[in-house]
Amino acid sequence: MDVLAIIRIAMRALARNKLRSSLTMLGIIIGVGAVIAMVSVGQGAQQQAQQQIAAMGSNMLFVGSGTVTRGGMRMGWGATKTLIYDDMVAIQRECPAVSAAAPGSQSSAQVVFENDNWATQLSGTEPQYFSIRTWLFQEGASFSQDDVETAANVAVIGETVRKNLFGATDPIGETVRINNLPFKVVGVLAAKGTSAAMGNDQDDIIIVPITTLQKKITGQNWLRWIVVSAVSREASYTAQQQITALLRDRHRIRSGQDDDFMVRNLADMADLADQQAQLFTVLLASIASISLLVGGIGIMNIMLVSVTERTREIGIRMAIGATEVDVQQQFLIEAVVLSLVGGAIGIAFGLAASYVITQTLQWPVLVSPAAILAAVVFSMAVGIFFGFYPARKAARLDPIEALRYE
Amino acid sequence: MATLSQPATRGTAGSHDRAVIRVEDVHKYYDLGETRVHALRGVSVAIERGEFVAIMGASGSGKSTFMNIMGCLDKPTSGRYLLEEIEVSGLTKKELAAIRNRKIGFVFQGFNLLSRTTAQENVELPTLYAQISKEEGQKRAKDALELVGLGDRMLHFPSQLSGGQQQRVAIARALVNQPSILLADEPTGNLDSRTSVEIMEVFQKLNDDGLTIVLVTHEGDVAQFAKRSIQFRDGTIRRDEAIQNRPVASEVLKNLPTLED
Ligand SMILES: Nc1ncnc2c1ncn2[C@@H]1O[C@H](COP(=O)(O)OP(=O)(O)OP(=O)(O)O)[C@@H](O)[C@H]1O
Ligand SMILES: [Mg+2]
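Sequences listed follow chains Z and A, in order. Going by the numbering used here, the residue at position 174 of the first sequence is 174; the numbering climbs one at a time, nothing skipped. Going by the numbering used here, the residue at position 76 of the second sequence is 76; the numbering climbs one at a time, nothing skipped.
Please keep in mind that the hints were generated in silico from the structure rather than gathered at the bench.
Simulated crosslink set (BS3-like; lysine-lysine; CA at most 27 Å straight-line):
1. A:K139 with A:K103
2. A:K94 with A:K134
3. A:K94 with Z:K393
4. A:K93 with Z:K393
5. A:K142 with A:K103
6. Z:K393 with A:K75
7. Z:K216 with Z:K184
8. Z:K81 with Z:K215
9. A:K93 with A:K75
Quick caveat, the model's predicted, so the values are computed rather than measured.
Extracted from the complex, chain Z is given alone in its bound form (with noise of 0.2 Å):
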């Protein structure tokens, strides 16, 4: 029997019962769209990544305050208080592929504008840091090496922080108060967007001078971050070694023992995303692949029933000539082409999914060619495996006793 024919037959079957075929396609449907949606948003995550860690320039680095050891514990980066503003200073001064780099220490704020408030993320830094980061403003400006000098209380805002507080108002000049001290508003900073390797806001932050955050509010001086701009892209790698070497001087940790910070470069930094982003893609792919299953054992479900039902007609084919592997090839096929249908409704749901998802988070749409194959693949493969069962109970009939059913 040729496959076309059993095609055929099998579409007029599944026709029969449109209602059950449809809820028994929802699940498919479902599930392939679920897939493709999660591997779109996990892929638009990953290109979101790149863009923007491509956009924070080429030749920038990171220093953090270390992970250190404690007690067989290993903290999180900014675990220790030994990377200082002095090291900034000597980085810029002793390292010759740096060009630029600039402090960071941060803490968390409530900021309130009139009658609003809004809790955010306080960074403390210098003006440089804004030209390392090449982060524009959409208005005013950074605050001056003047403003560092001085511990002057002003503040530049996120789009985020911007949004929430001053809505139509313009917020240069405005006063807010940080933590309960005043400060005025200077710059307003470009959006960023959201950040996809990390998943946080990256508008939704205030940034003062560094001495005012450390004297006026944590009271602490030691630094969380430098970021660091090499003479060149190419440069990055030397900078990184010579930072290394003379943090290490400084810090003076003897040869053997591990670094008390740790130095990034963009590609560092590019790979660590990426990694994220990928581990995000197959955590958000797997989520989606229950329901998948899920679908599939729906299709078996039916199947049983459906075998059950047309044990006579399945007696009828066998007594006129149709062999086991007729009547097993049939059922496959009906649940091939349910799956495979819901698949392809499944893969229109999930684009559309995505495109909205990544609207909403202003990330790149990213329909995968290789996603819609896989969906396609593996809901087929969804259908034969479930398939494979009841269809295998339907060949084994034997044909007198299938005639005989009621």
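Since the structure of chain Z is already known, use the hints to place chain A with the ligands on it.
Quick look at chain A with the ligands alone, frame taken from chain Z:
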């Protein structure tokens, strides 16, 4: 009707090497848990190519059971069944399917048509499982339906056909793959006498062309059109004889009034 006479010797017995169907001491038990039904109690018969056999007997005497075994649908509990001198019990399921598809045409007592499938498609069904092109299959289905007088009902569903019309669809389906043996279990059970004779005319013509036919019937009138009659009783053959003065269906038809009159 059942006389306890000796099984009569068959008119066509003799040359054993030409038997297409040979059944030797076949028994069939149906196991129903507690009880056991002994449906066939030692049936032996040989049917040769070109024969036209009518099987008669009371309800429950084992006729359908016997037909199912001959049709390779069921297996005897004991005894031998040889089809064209080949032991059927030694065949694979695939070989049995091929026999049911091409060698034997079977008309079931209960029609067994696929519902929600047109007459045309029901008749076409066996061609789908044979190595026949779609066009050829459709053409043969059309021819078979015309042969049984249903050329104008091809696109009707079984539920839209009368009992007699459904029966004729079942006959057309049994003939579509041009089998060499036709096994028909009460093919005229639902037909009026005129249509019955029309079907017998078709059978006689096919038989003249060499088709071996075994049919089960309750009606003596219908059995008369066959060449040989076998009487079943309680799972055994009580009588097996050649039919004398066999009428020709086409002649009988000329003397029957048409239904429209
Ligand atoms: N599947 C079955 N299970 C149990 N017993 C059965 C089964 N099929 C038939 N029988 C029994 O076997 C005996 C013979 O049945 P069979 O159907 O062969 O009769 P029949 O001669 O065809 O009757 P009818 O003229 O009514 O069609 C009956 O007693 C019947 O009850
Ligand atoms: Mg019967």
